[in-house]
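Enquirer: Listed below are the residues making up each chain.
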Amino acid sequence: MQGIPLRALILFLCFLWTLPTAGLLISSFRQRSAIISSGWWTVFAHPFEFTQWTLENYQSVLTSDGMGRAFLNSLLVSIPATVIPITIAAFAAYALAWMQFPGRQWILAGIVALMVVPLQMSLIPMLRIYTQLGLNGTFLGIWLAHTGFGLPLAIYLLHSSIAGLPKEIIESAAVDGAGHFSTFSRLVVPLSLPAIASFAIFQFLWTWNDLLVALVFLGTRPDVAVVTARLSELVGSRGQDWPILTAGAFITMVIPLLVFFSLQRYFVRGLLAGSVKG
Amino acid sequence: MRDPNAPAWQLLLVALAVGVLGVWTLFFLANDLVSRFPRVWAERIRPYIFVGPALLLLFAYLIFPTIQTLYFSFLDARSQRWVGWQNYQFAFTDRTMLIAFRNNLLWLLLVTGISVSLGLIIAVLVDRVRWEPLAKSLIFLPMAISFVGASVIWRFVYAFQPPGRPQIGLLNAIWTRLGGDPIGWLQTQPLNTLALIVIMIWLQTGFCMVILSAAVKSVPSELLEAARIDGANEIEIFFQVILPYVSKTIMTVATTVVILVLKVFDIVYVMTSGQFGTEVIANRMYSEMFRFRHFGRGSALAVILLIAVIPVMIGNIRSWRRAQ
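Heads up: the sequence lines are chains A and B, in that order.
Numbering of the first sequence is given in my numbering, commencing with residue 1 and proceeding in unit increments.
Numbering of the second sequence is given in my numbering, commencing with residue 1 and proceeding in unit increments.
For the record, the hints were derived by calculation from the structure and aren't laboratory data.
For every residue, glycine included, the Cβ atom is placed at its ideal position computed from N, Cα and C.
Mixed in with the good hints there might be a few duds.
[To be verified] These stretches of chain A come out as covered by chain B in the derived footprint (C-beta under 8 Å, 3 or more residues): (1) 43-51; (2) 55-62; (3) 119-125; (4) 138-148; (5) 166-174; (6) 187-198.
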């Protein structure tokens, strides 16, 4: 297929893929009465009539519906839940790649196997242990949970990149008298920044977008609920309240979309590094 | 951290400090401590300082709970009495469970089949236009959206108003314009399960396209040239050159999608919470845990999910061994 039919087809697919999101975005800026009484596409009849646009929906969902607090909670969950697993995984990956100790191969094989274990396997026992330890509904608890679930993939990806570093560099550092700790922090981490960055994006998007882990370990109390949990609650309680839902949905998407557009290249690289998320 | 009245920015700063610096400090201190040991011992212990935290967490969050869940799956609702295979018997005979299995199978076939083939077709087609990056970004974009966010987007597409009222949902607007009666896409069986599957296809096609696009681009141009000289048309080239060349990547992508779909929870939870015959295994497990507080059945369902991914696990290890 060449020329115009090909372009038309691709254009149509792009249009089809963008349409649902565009509809929601447009609606979120419309007046309450307009959303409920007419389709969002009717705005194109007179797009420059500025009285039909409003920020009211965002204002109300951020304040009275608790989305503002949830947004902050999501940041509180996602940032540490990205940094902690990467740090721990990087240390482990370095040890598995460049230190000699018994059982290395077995540990690696185990990590490859754990990559596909459904995290559902962990929920019931962890929930009980969390209740006993008082970790339920705490940020520390969910950071650790995301860390545990994210580690197999993180170690796997970082290991393949760290093990691929030139042997001479690591050895010459040892000859210069650098210990493992400084070789790791001054040499290996800077050199594997591309891999670290691509996994960071992955893990950040995953923890930001997660609903299941957040529901189980954090719950829906307003002071800890994250955006996905809050939004799903709004769907449950105000399922037909489109002004609230459209604006709420976009608030959950702002950060992931920003990350996506600014760091897309690294994100794709991370995917291509051969990822099977468990 | 537990004071809900603390100013927001303070919480954020503390969290960042703990998250970013805390772990590094722990590693640094542990390493420093080991360095004070006699040299031979220090070098022997140090690897475990580096891998130890990871192993501990893997054990605590994945290995130990997996064993416990296996055990719980043979106990009753409150994990006190041994009930043998009863939970599994329930899982394979209960009516809604059978619906969940049927739906999961449908999800697996349709989402994997359609998003992988659509992803491949788009990857091949998009290779030939100049605005390829933009087109790819637009189709890939839903990858960044949460399942919950995507669910709200599509709830709006599927929105339903009684006949006679203006339809604000895109699909019903088109349908009524064509002369049909408005349809409750999320309440009507079996349309509703298909409606949910469409969301997942919309989300996953971009992922498949990106990976397959990289594979398609790696097909040697000499191979394509040779086929063209032999007089093959574009469709023959697709089936006889490109498809065999990327078949391994297709398997990898399909595997990833299968694992993801098997555990699909968010979409069903947000859209219908499994009502009107849209139940799936993972959502049912959540209901057993939190709505019915039946930990035995919940555990049995988790084990069934695990058993379903074991073939993938073995395949993974095999291909990793080969790559070593």
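Enquirer: Please count how many residues of the region 43-51 of chain A have a CB within 8 Å of a CB from chain B and say whether that reaches 3.
Expert: violated (count 0)
Enquirer: Is the listed coverage of the region 166-174 of chain A by chain B valid when you require three or more residues with a beta carbon under 8 Å from a beta carbon of that chain?
Expert: violated (count 0)
Enquirer: Given as covered by chain B, does the region 138-148 of chain A meet the bar of three residues or more with CB within less than 8 Å?
Expert: holds (count 8)
Enquirer: With a Cβ-Cβ cutoff of 8 Å, does the region 55-62 of chain A contain at least three residues near chain B?
Expert: violated (count 0)
Enquirer: Tell me if chain B covers the region 119-125 of chain A under the three-residue, 8 Å CB rule, please?
Expert: With 7 residues closer than 8 Å to chain B, the region 119-125 of chain A meets the three-residue bar; holds.
Enquirer: Just to make sure I understand the rule, a stretch counts as covered if three or more of its residues have a C-beta closer than 8 Å to a C-beta of the chain. Does the region 187-198 of chain A meet that for chain B?
Expert: Result for this restraint: violated, n = 0.
Violated hints for the displayed structure, listed by number in ascending order: 1, 2, 5 and 6.
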